[in-house]
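Chemist: Kindly produce the complete structure, drawing on both the sequences and the hints.
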Amino acid sequence: MNLRNLTTKWMQVQKSFYPNYFQNHPMQKTLKVLYALQGTGNGHMARATALVPHLEQHPSIELTVWISGKHVDLKAPFKIHRRYTGITLFYTENGGIHWLKVIFKNHWLQWCWNIFTAPITSYDLVLNDYEPISAWACRLRDIPLLALSHQAAVIHPWTPRPHKVNATLERIIFWYAPFERARGFHFKKDGPHVLGPIIRDEIKNLICSPRRELLVYLPAFSLQKILRILTRLELPVYVFHPDVQHPYDVENVTVMPIDREVFTQVFRQVDSVLCGAGFELPTEALYHSKRLAVVPIKGQYEQSCNAAAAQACGAWKFSTLKKKHFKALNQWLNAPIPHRPIMTTDPKALVQTIIADFQEDKNLHGYKWEQEKPVYSPGT
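Just so you know, we're using the numbering used here here: the sequence shown kicks off at 224 and counts up by one.
Derived from the structure by calculation, the hints contain no laboratory data.
The C-beta atom is built at its ideal place from N, Cα and C for all residues, glycine as well.
Misleading hints may appear alongside valid ones.
Claimed, not checked - The calculated lysine-lysine pairs, modelled on DSS-like cross-linking and capped at a C-alpha distance of 27 Å, are:
no.: 1; residue 1: K513; residue 2: K540
no.: 2; residue 1: K591; residue 2: K387
no.: 3; residue 1: K546; residue 2: K448
no.: 4; residue 1: K585; residue 2: K412
no.: 5; residue 1: K293; residue 2: K328
no.: 6; residue 1: K521; residue 2: K411
no.: 7; residue 1: K448; residue 2: K521
no.: 8; residue 1: K571; residue 2: K302
no.: 9; residue 1: K387; residue 2: K547
no.: 10; residue 1: K513; residue 2: K427
no.: 11; residue 1: K540; residue 2: K591
no.: 12; residue 1: K540; residue 2: K550
no.: 13; residue 1: K521; residue 2: K540
no.: 14; residue 1: K545; residue 2: K324
no.: 15; residue 1: K328; residue 2: K448
no.: 16; residue 1: K571; residue 2: K585
no.: 17; residue 1: K513; residue 2: K324
no.: 18; residue 1: K521; residue 2: K293
no.: 19; residue 1: K550; residue 2: K513
no.: 20; residue 1: K540; residue 2: K387
no.: 21; residue 1: K427; residue 2: K298
no.: 22; residue 1: K412; residue 2: K513
no.: 23; residue 1: K521; residue 2: K324
no.: 24; residue 1: K540; residue 2: K448
no.: 25; residue 1: K550; residue 2: K521
no.: 26; residue 1: K255; residue 2: K591
no.: 27; residue 1: K540; residue 2: K427
no.: 28; residue 1: K255; residue 2: K387
no.: 29; residue 1: K255; residue 2: K571
no.: 30; residue 1: K387; residue 2: K411
no.: 31; residue 1: K427; residue 2: K302
no.: 32; residue 1: K298; residue 2: K328
no.: 33; residue 1: K540; residue 2: K412
no.: 34; residue 1: K411; residue 2: K513
no.: 35; residue 1: K293; residue 2: K448
no.: 36; residue 1: K521; residue 2: K545
no.: 37; residue 1: K412; residue 2: K591
What the hints assert, rightly or not - Each pair of labels, with its calculated beta carbon distance range:
no.: 38; residue 1: R563; residue 2: H469; range: 35 to 45 Å
no.: 39; residue 1: E474; residue 2: K328; range: 32 to 42 Å
no.: 40; residue 1: K550; residue 2: Q582; range: 54 to 64 Å
Modeler: If you want it as structure tokens, here you go:
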């Protein structure tokens, strides 16, 4: 008789002598959980920074972390067990997607090979923040997957859309990293499966003392394009850009490399933020009641949806950044700051709820995406 059989027999004897104890204290299997995140945007890493520690501390979980993609400026404060190359987006100097580079500079065959060879079957549950390799591996091998991403909220039928709704692009967003069930994060909580944003403690607990200064983070735009218009403003401007190695000044503009601590310090002291129409930085700015304007990346439908959602919260939108927009930029900087507080999601409570629900009935409590037209009225 092997050790496993002996253990089973011993448990049966225990249950026969103490049936009430085992009824009131059921033995729970340790869940092998995979947290997989997209590495091509700082927002995914910021969310993981808030969620992963609570997953690691959960007594019923054995956690593994995967990441795909390599355009993250924030460093991971936790162990990453497996890294994949993923799919990288490339941009033109005007902030649009450079589709030729996307097609020819990515390793598509390697990406497909990674999907078929990913060791996904050893996990009981996969939590996925828009990471395509694990998402497709789960779909092919029928492994339970719950999407925890902003993209899951973007394609939810209740969330804001731009004037021009594109159902085809919404299908592409879904099929890039398909899910069985999802809980999405958006600018506003809207129903049980569209939650408010998760904001990192270091940002959430900031005590801001805003001055009439501007923080700019537009990594998809060339630095020359940004400086051409911002040097005409009559206020201090701080530009963070991935192409910068050392800080320097150009007239009223201080140009700096991406540095987490410096970025947080500048964020604390400014009253205005000009950034891409991503998710994390805009929601952080709105949470701290800062003046916000977003510039969506051309050709990126998700950012158009984000811009519509941000506008509903009082933000301004610029279609691009050119000299002809200087007057509108000044109007925005002189406009009153709207105070529309947003409700955030507690990462610890979310982790406890997800794991408890899954342990109780093995079901993934989230919405199921349907290929249908959005029911939300397009934004303005």
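Chemist: Give a verdict on every hint.
Modeler: Going down the list of hints, with the structure as the test:
no., hint, in the structure
1, K513 with K540, "15 Å, holds"
2, K591 with K387, "24 Å, holds"
3, K546 with K448, "9 Å, holds"
4, K585 with K412, "25 Å, holds"
5, K293 with K328, "13 Å, holds"
6, K521 with K411, "24 Å, holds"
7, K448 with K521, "15 Å, holds"
8, K571 with K302, "19 Å, holds"
9, K387 with K547, "24 Å, holds"
10, K513 with K427, "13 Å, holds"
11, K540 with K591, "31 Å, violated"
12, K540 with K550, "14 Å, holds"
13, K521 with K540, "13 Å, holds"
14, K545 with K324, "24 Å, holds"
15, K328 with K448, "24 Å, holds"
16, K571 with K585, "20 Å, holds"
17, K513 with K324, "36 Å, violated"
18, K521 with K293, "21 Å, holds"
19, K550 with K513, "20 Å, holds"
20, K540 with K387, "15 Å, holds"
21, K427 with K298, "18 Å, holds"
22, K412 with K513, "20 Å, holds"
23, K521 with K324, "15 Å, holds"
24, K540 with K448, "18 Å, holds"
25, K550 with K521, "22 Å, holds"
26, K255 with K591, "23 Å, holds"
27, K540 with K427, "24 Å, holds"
28, K255 with K387, "42 Å, violated"
29, K255 with K571, "18 Å, holds"
30, K387 with K411, "21 Å, holds"
31, K427 with K302, "23 Å, holds"
32, K298 with K328, "24 Å, holds"
33, K540 with K412, "22 Å, holds"
34, K411 with K513, "17 Å, holds"
35, K293 with K448, "25 Å, holds"
36, K521 with K545, "14 Å, holds"
37, K412 with K591, "17 Å, holds"
38, R563 with H469: 35 to 45 Å, "38 Å, holds"
39, E474 with K328: 32 to 42 Å, "35 Å, holds"
40, K550 with Q582: 54 to 64 Å, "58 Å, holds"
Of the numbered hints stated above, those contradicted by the structure are hints 11, 17, 28, listed in ascending order.
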